[in-house]
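Participant: Okay, here's what each chain looks like letter by letter:
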Amino acid sequence: MLKLFKKNLEILPVLGAIIFLGLQVISDLSLPKLTSNLINYGVAKGDINYIIHIGLAMLGLSILSILASSGNVYFASTQAQKLGAKLRSQIFKHVINFSGNEVEKFGSSSLITRTTNDVLQLQNVVVMMLRMMLMAPLMLFGASFMAYFTEKRLTILFLIAIPILLVVVGVAMYYAVPLFQKLQKQIDKINLVFREGLTGVRVIRAFRQDEREQKRFDQANQDYTKTGIRVFSIVSLLFPFMTIILNATNIGIVWFGSHMIADKSMQVGNLVSFMTYASMILFSFMMLSMIFVFVPRAAAAAKRINEVLETQNSIIEPELTQTNQDANPELSFENVEFRYPGAEKEALERFSTSVKGGQTLALIGGTGSGKSTLINLIPRFYDVTNGSVKVDGQDIKAYQKAALHEKVAFVQQKAVLFKGTIRSNLAYGKADATDEEMWRALEIAQAKDFVMELEGKLDATVEQNGDNFSGGQKQRLAIARALIKEASIYVFDDSFSALDFKTDAKLRQALKDDEKLSKKVMVIVAQRISTVTNADKILVLDDGKVVGQGTHEELMAENEVYQTIVKSQLKEGEA
Amino acid sequence: MHGKKNFEGAKDFWGTVKRLIKFMGPWKWMFALVFVFAIGSTIFQIVTPKVLGEATTEIYAGIKRGMASKQSMSHYPINFTRITHILLTVGAFYLISAALAIGQQLIMANVSQKIVYRLRKAFKAKMQRLPINYYDTHQNGDIMSRAVNDMDNIAGTLQQSLAQFVTSIVTFIGVLVMMFSISWKLTLIALLMLPLSFVVVGIVAPKSQKYFAAQQKSLGLINNQVEEDFAGQSVIKAFNKEDESIKNFEAENQRYYQSSWKAQFISGLIMPLTMMVKNLGYVAVAIVGGIQVASGKVTLGNVQAFLQYVNQFSQPITQIANIANTIQATVASAERIFEVLDEPEMPQPKNQAEAKSIDSQAKIEFKDVQFGYTDDKLLMDGFNLQVQAGQKVAIVGPTGAGKTTLINLLERFYDLKGGHIYLDGQDTHQMKREDLRSHFSMVLQDTWLFTGSIYDNIKYGRPDASKEEVIKAAKAAHVDTFVRQLPDGYDTVLNEAASNISQGQRQLITIARAFLADPEILILDEATSSVDTRTEVLIQKAMDKLLHNRTSFVVAHRLSTIQDADNIIVMNHGHILETGNHESLMQQQGFYADLYNSQFDN
Chain A
1 MLKLFKKNLE
11 ILPVLGAIIF
21 LGLQVISDLS
31 LPKLTSNLIN
41 YGVAKGDINY
51 IIHIGLAMLG
61 LSILSILASS
71 GNVYFASTQA
81 QKLGAKLRSQ
91 IFKHVINFSG
101 NEVEKFGSSS
111 LITRTTNDVL
121 QLQNVVVMML
131 RMMLMAPLML
141 FGASFMAYFT
151 EKRLTILFLI
161 AIPILLVVVG
171 VAMYYAVPLF
181 QKLQKQIDKI
191 NLVFREGLTG
201 VRVIRAFRQD
211 EREQKRFDQA
221 NQDYTKTGIR
231 VFSIVSLLFP
241 FMTIILNATN
251 IGIVWFGSHM
261 IADKSMQVGN
271 LVSFMTYASM
281 ILFSFMMLSM
291 IFVFVPRAAA
301 AAKRINEVLE
311 TQNSIIEPEL
321 TQTNQDANPE
331 LSFENVEFRY
341 PGAEKEALER
351 FSTSVKGGQT
361 LALIGGTGSG
371 KSTLINLIPR
381 FYDVTNGSVK
391 VDGQDIKAYQ
401 KAALHEKVAF
411 VQQKAVLFKG
421 TIRSNLAYGK
431 ADATDEEMWR
441 ALEIAQAKDF
451 VMELEGKLDA
461 TVEQNGDNFS
471 GGQKQRLAIA
481 RALIKEASIY
491 VFDDSFSALD
501 FKTDAKLRQA
511 LKDDEKLSKK
521 VMVIVAQRIS
531 TVTNADKILV
541 LDDGKVVGQG
551 THEELMAENE
561 VYQTIVKSQL
571 KEGEA
Chain B
1 MHGKKNFEGA
11 KDFWGTVKRL
21 IKFMGPWKWM
31 FALVFVFAIG
41 STIFQIVTPK
51 VLGEATTEIY
61 AGIKRGMASK
71 QSMSHYPINF
81 TRITHILLTV
91 GAFYLISAAL
101 AIGQQLIMAN
111 VSQKIVYRLR
121 KAFKAKMQRL
131 PINYYDTHQN
141 GDIMSRAVND
151 MDNIAGTLQQ
161 SLAQFVTSIV
171 TFIGVLVMMF
181 SISWKLTLIA
191 LLMLPLSFVV
201 VGIVAPKSQK
211 YFAAQQKSLG
221 LINNQVEEDF
231 AGQSVIKAFN
241 KEDESIKNFE
251 AENQRYYQSS
261 WKAQFISGLI
271 MPLTMMVKNL
281 GYVAVAIVGG
291 IQVASGKVTL
301 GNVQAFLQYV
311 NQFSQPITQI
321 ANIANTIQAT
331 VASAERIFEV
341 LDEPEMPQPK
351 NQAEAKSIDS
361 QAKIEFKDVQ
371 FGYTDDKLLM
381 DGFNLQVQAG
391 QKVAIVGPTG
401 AGKTTLINLL
411 ERFYDLKGGH
421 IYLDGQDTHQ
431 MKREDLRSHF
441 SMVLQDTWLF
451 TGSIYDNIKY
461 GRPDASKEEV
471 IKAAKAAHVD
481 TFVRQLPDGY
491 DTVLNEAASN
501 ISQGQRQLIT
511 IARAFLADPE
521 ILILDEATSS
531 VDTRTEVLIQ
541 KAMDKLLHNR
551 TSFVVAHRLS
561 TIQDADNIIV
571 MNHGHILETG
581 NHESLMQQQG
591 FYADLYNSQF
601 DN
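Each protein sequence line maps, in turn, to chains A and B.
For the first sequence, position 159 matches number 159 in UniProt numbering, and the numbering has no gaps at all.
For the second sequence, position 85 matches number 85 in UniProt numbering, and the numbering has no gaps at all.
By construction, these hints were calculated from the structure, which means they are not laboratory data.
A quick note: this is a predicted structure, and the numbers were derived from the prediction, not measured.
Among the hints, erroneous ones may be present.
[Claimed, not checked] The calculated label-pair distances, taken between Cβ atoms and stated as ranges, are:
hint, chain 1, residue 1, chain 2, residue 2, range
1, B, Pro206, A, Glu486, 48 to 58 angstroms
2, A, Leu166, B, Asp464, 40 to 50 angstroms
3, A, Glu486, B, Glu468, 57 to 67 angstroms
Here a beta-carbon is modelled for each residue, glycine too, at the ideal position from N, C-alpha and C.
With the sequences and hints as input, model every part of the structure.
Facilitator: Printed below as a string of structure tokens:
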């Protein structure tokens, strides 16, 4: 936590906040002294001039106090919010550039909470620290000092009261802090069960598990409630107990004080101001105890943020690059091997292959055979462990990331659309695309018909995640978005499975018929044999191994795995 | 559309308050006790400064007596018996006040947790009774925020603000009474400060609220963007949009910074400003009081007590203002929760006995079914279908043809707009949904599994299944092989994001779950689309065994999986285009034949 603070807080404003806080404490501490003087020399002696004199001084002090505290609030709130804004943007920039490895390590939902909630926590703790928590030690020190100088014999009372207070707070914290942690876990559990109830509603109902869900939720709810009652009972005892200690101290002060006054060793006014100091001292102890509640929570948030910020992007960009703008479309894998970090086994065993512009490379194989892994190497979402991937004749490691992504258009297995319009989603592929180009891309992607029927056509709204489109429609829009991009390699990660046979076939035909696209490299991951039969080269994958490459005919003749796949899809005699 | 802003006020404030009070009904005596305790505790607390002030007066009187008597004494003649008496009284008051406060807080901690427990339970139970249509038309995030944030708001307010509200009001009135009992002149001076602090709060508070609203809005937008961009991070990278996305984020982040520090700064000013007003009053009272003590009109102890009251006086005002805001937000939260609780529920069939039966040979019969997801557009209009027991029915057709709809209606996730569906001749509309669904088991496109072990997830299909049965189902669905390779085997806990097993493996688990359920009628909705074709063959073989003598509905895009179906229904636009088996449909040379042949044209 300190590291984040050190990096992101500015020294001068923080100092400013502390100085203003100090000023505020000084003026707050001086008021009781003035009050006691007012009583000792003004009221007791009936000196009205003195009363007015001191009264003005008190006014002056309170104005000073408000100026000081405004200054403090200003610096505290700007610093805290600045810290929040800086951290958020650091994390965001960092995460946006993460490679697949890093995203997988955290999981995107965890990255989201780290960017939002954790930063918010930290930001709140900074405000509290600069305003309240730092005030506690200053006030404690100042009030003790003043109390000692007002009447040192009475300070002995503090030697009794403070240890008792510390014990009370300590005992409460000892029981409450672990309970608070437990409470947090239990509320997470409640939320988890509830969320699952939302996402799985159909399955739950189909299996008639509603009652079980209710019970599961009720269990979590009860656990939370039990802990909640316990922890809040402890906390609610704390305050009355502290008040009792404070009040007992006050009674002690009056008792001993009155004896001191009786033997003329103390003045009446000091009694009043001493009581004020006493309450300040005990109050600052209460504030200090808050540190134990908030700081560990903020420290945990800071740790989670640091984990993200300290994670190095495993993909390193070259400093200098040659450009090969005019090179011909080409894709080759040379002795490529890949293994996920920490994994024991290769996800992809050594293989080589290459395709030229105008050719289609198709990948086929079972679940977990490594198809997606293989194509994820092309846009460098992951780095090869050995060997090299070349795009347009150049090693992808020699490209700037942006330049590489210019050359590769990629359609994910799961279509991701962004909130906006059809137009804004397509513009993602090509910022200055004309309407004509957009329609052309939609046409090839077999999306023209349904977009035509939409209200607003190209300007029809796309909800978050494209929720207002069906799976097949989303996929076709994602394909159109990729096609509009002027790349040399187009990669489709099982993008056609969500389409029916007819649409699938039409789409592939349209790709072939298009003047521009027909000259590019197409990489298609597929599950259906019919999708790949026409490819110029088919890669057959099995459990991380490329077990065969060639055309449909070649593979049919000699590749066993391929034959099995074909057989499984087409009944004997039809193939 | 639905409650996207948490900071919005309640639409019907008092109506919601009344409902909330009604909801708390069972605890009304507890609340009464809390209020009595709070009032009692506050009164004892308020009286003490005046009593303690008497001690000061007593001391002061002693000093005066000492100074008045001409003889010099080593001690002032202070009446210690009286002081002892006063201090004992004060001590007793403190203890009573603390005891009442403890009692009040303990009850409140208990009651508030229980109320929220009940509210949460009611909310969750409501989710069970809402039609699927509700889930379709409301975003999960929105429902979640009601179940989480709004609940939290209510819990927090009950726990802290409610009793504080009472305490503040009692303090305010009590302090006022005490001040009047000491000196009406001094009270008037103190009261002069009141309008001043109202002015301060009145000017500053709305300003800070404006910025708070802007801050909330920015925060919402930031969160949205973070969610969307992180989820689609690889797409952003693939399209080289990192800079643009960062730029958008920075812009919103800056807006958030601007409004948030202002909101915090201005609301932070309220406290020092009211402090200053208070100090102003304090000094004024000190001056006037001092003069009055000097002239003997008021006792010193009373002025001292009065000064303490001035300190206490301003506190409840700011507190009440704060709490009023909190309560407003809480009522808005409660309203959002009640809104859900008020949603129309699925109608329950009136009486089992009334269930209308027809004489039908078919296992399942759709008769003149009319259905549409929205009221204005019918997707199915006069749909008829008969399925005999033990038949395998395949449903094919392009996206949006109504294939999934058919399944939705079978399971009765939606109610018909017209017509009937009969199961064994019994009108499904008049059966209990649970009874109806007990005849089905399904594997959906969406591979939902809950956070728990693989074992428990399979067992979900039939909770009373034995371990052997679970393993048997897992083997049949080819789950066993990959599960055994996992370090924790069947105890492997699937996490929420389900990143620890692949999509295809998840699908296999859902298939195992359906295997275990061993239903009369099996529904497979594109269940095999993310399982590779080789695994699918193995599943298919096991499935054939399972399907034997069992009625089944299969929705699949791969025509190879359904060629042996007894009946293939080709749908488009909510209508049946063709029915028949593979051979007869191929001979018809219609839509199906077209679809089938497209597998092979290149």
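Participant: Now look at each hint and say whether the structure bears it out.
Facilitator: We went through each hint and held it up to the structure:
The beta-carbon spacing between B/Pro206 and A/Glu486, approximately 54 angstroms, falls within the hinted interval of 48 to 58 angstroms. In this structure the supplied range 40 to 50 angstroms is violated for A/Leu166 paired with B/Asp464, their Cβ-Cβ distance being about 56 angstroms. Distance hint for A/Glu486 and B/Glu468: a CB-CB separation of about 60 angstroms, consistent with the stated range 57 to 67 angstroms.
In summary, the one numbered hint that this structure violates is 2.
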